[in-house]
Amino acid sequence: MVIANFDILITFPYMYEQRTNFSRVRTMSMTFLQMSAFREVMRLGSVSEAARSLLRTQPAISAQIKALEAELECSLFERKGKRLVAMPEAHYLLREAERILDSLETVERNMRNLRHQLRGELTLVSMPGPTVEFLPELISDFIEDRPDVKVTLISRTSPQVEQLMATQNYDIGIGDSQFAGGKGSTVLNHKIFRFDTFCALRKDNPLALKPVLTPSDLSGAPIGCLNADHPGAKRLQQVFDDAGAELNARIRSRFFVPIFRFIERGQCFGIMDSLARETYNVMRGSHADLVFVPFSPAISLEVSLMTPKHRPLSQLADLFRESLEERLASL
Numbered sequence: 001m002v003i004a005n006f007d008i009l010i011t012f013p014y015m016y017e018q019r020t021n022f023s024r025v026r027t028m029s030m031t032f033l034q035m036s037a038f039r040e041v042m043r044l045g046s047v048s049e050a051a052r053s054l055l056r057t058q059p060a061i062s063a064q065i066k067a068l069e070a071e072l073e074c075s076l077f078e079r080k081g082k083r084l085v086a087m088p089e090a091h092y093l094l095r096e097a098e099r100i101l102d103s104l105e106t107v108e109r110n111m112r113n114l115r116h117q118l119r120g121e122l123t124l125v126s127m128p129g130p131t132v133e134f135l136p137e138l139i140s141d142f143i144e145d146r147p148d149v150k151v152t153l154i155s156r157t158s159p160q161v162e163q164l165m166a167t168q169n170y171d172i173g174i175g176d177s178q179f180a181g182g183k184g185s186t187v188l189n190h191k192i193f194r195f196d197t198f199c200a201l202r203k204d205n206p207l208a209l210k211p212v213l214t215p216s217d218l219s220g221a222p223i224g225c226l227n228a229d230h231p232g233a234k235r236l237q238q239v240f241d242d243a244g245a246e247l248n249a250r251i252r253s254r255f256f257v258p259i260f261r262f263i264e265r266g267q268c269f270g271i272m273d274s275l276a277r278e279t280y281n282v283m284r285g286s287h288a289d290l291v292f293v294p295f296s297p298a299i300s301l302e303v304s305l306m307t308p309k310h311r312p313l314s315q316l317a318d319l320f321r322e323s324l325e326e327r328l329a330s331l
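Residues 1 to 331 (full-length UniProt numbering) make up the sequence shown, in order.
No wet-lab data here; the hints were simulated from the structure.
Any given hint could be a false lead.
Claimed, not checked - If you anchor each label on the Cβ, the simulated ranges turn out as follows:
hint : residue 1 : residue 2 : range
1    : 258       : 313       : 25 to 35 Å
2    : 49        : 326       : 49 to 59 Å
3    : 144       : 99        : 32 to 42 Å
4    : 219       : 298       : 11 to 21 Å
5    : 326       : 152       : 20 to 30 Å
6    : 186       : 287       : 39 to 49 Å
As the list claims (entries may be wrong) - The calculated lysine to aspartate or glutamate pairs, modelled on DMTMM-like cross-linking and capped at a C-alpha distance of 20 Å, are:
hint : residue 1 : residue 2
7    : 191       : 89
8    : 309       : 289
9    : 203       : 289
Remember, it's a predicted structure, so these values are computed and weren't measured experimentally.
Backbone N, C-alpha and C define an ideal beta-carbon position, used for all residues, glycine too.
Could you build the full structure based on these sequences and the hints that come with them?
This is the structure we're talking about:
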């Protein structure tokens with residue numbers, strides 16, 4: 001470990017007891033190099049061995065020990081022939097020096113891990129859909145080789161996501177841009193991702209063979225879609241009305257994932273975005289029973305990726321943000 005020009009201030013009342021009347025307490029200033037040299041001499045019992053261990057010269061180690069003794073105003077070693085014998089004060093100092101040096105080494109190791117994105121914490125809050133499979137899959141890949149990274153993933157409605165992100169206490173938020181403040185937010189950065197629209201249906205449905213599905217193809221058929229107050233659901237109703245088709249919204253939900261089960265059982269079709277499609281494919285993998293056929297006219301569904309404007313992201317969180325943005329852009 002390399003720490004340059006570090007003064008470490010510690011107080012040893014025991015060493016003053018024989019030399020002061022306690023009318024004042026003097027704080028000693030001992031350097032990292034002095035304590036390192038002292039610990040090695042205590043450990044190896046020899047200045048020359050300590051010098052070899054620390055890759056320094058013997059005079060340099062001797063000078064550090066003398067400077068330390070001068071600072072402490074007491075002798076730490078007594079020379080008997082060619083041997084150094086530690087004084088009682090040296091044994092007390094060793095306990096304190098090891099505690100301090102171990103703490104510094106822990107700090108340096110942790111900071112090195114933080115610098116290389118191997119340690120730290122990710123805090124994310126998202127609308128429900130992505131928290132089911134999409135985000136857990138992405139996060140799992142990210143922390144695979146980072147065993148010391150901790151993750152907090154919270155599921156909330158999109159308005160609640162923005163409220164929590166506004167506290168600046170979370171790294172990344174994902175919400176429906178229709179319910180977020182967007183570019184007007186003074187406390188959050190928003191990056192908008194637009195997703196294509198698909199019709200989800202069973203593989204064995206004859207309509208699965210069509211390259212594109214339209215409102216006319218689905219007129220009167222049972223549909224699974226978002227709640228009626230969602231802007232996406234309102235646009236869906238509008239495109240059906242414009243086509244003179246009937247939107248038979250049989251299943252409505254706050255997010256798309258619960259609708260999958262109804263579609264798999266042939267109880268409805270689903271109109272959803274490519275993020276929902278990705279979630280389903282991750283959930284079912286090779287056992288998927290549904291196909292996703294492009295739906296026209298397109299109903300643009302937008303997601304906002306939020307980050308705090310007044311709190312810089314850690315290197316770890318920023319690296320995950322880049323990975324998340326890349327994944328969202330590929331959908």
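Do the hints match the structure? See the list:
no.: 1; hint: 258 with 313: 25 to 35 Å; result: holds (32 Å)
no.: 2; hint: 49 with 326: 49 to 59 Å; result: holds (53 Å)
no.: 3; hint: 144 with 99: 32 to 42 Å; result: holds (35 Å)
no.: 4; hint: 219 with 298: 11 to 21 Å; result: holds (18 Å)
no.: 5; hint: 326 with 152: 20 to 30 Å; result: holds (22 Å)
no.: 6; hint: 186 with 287: 39 to 49 Å; result: holds (46 Å)
no.: 7; hint: 191 with 89; result: violated (62 Å)
no.: 8; hint: 309 with 289; result: violated (42 Å)
no.: 9; hint: 203 with 289; result: holds (6 Å)
Comparing the model with each earlier hint shows violations of hints 7, 8; every other hint is respected.
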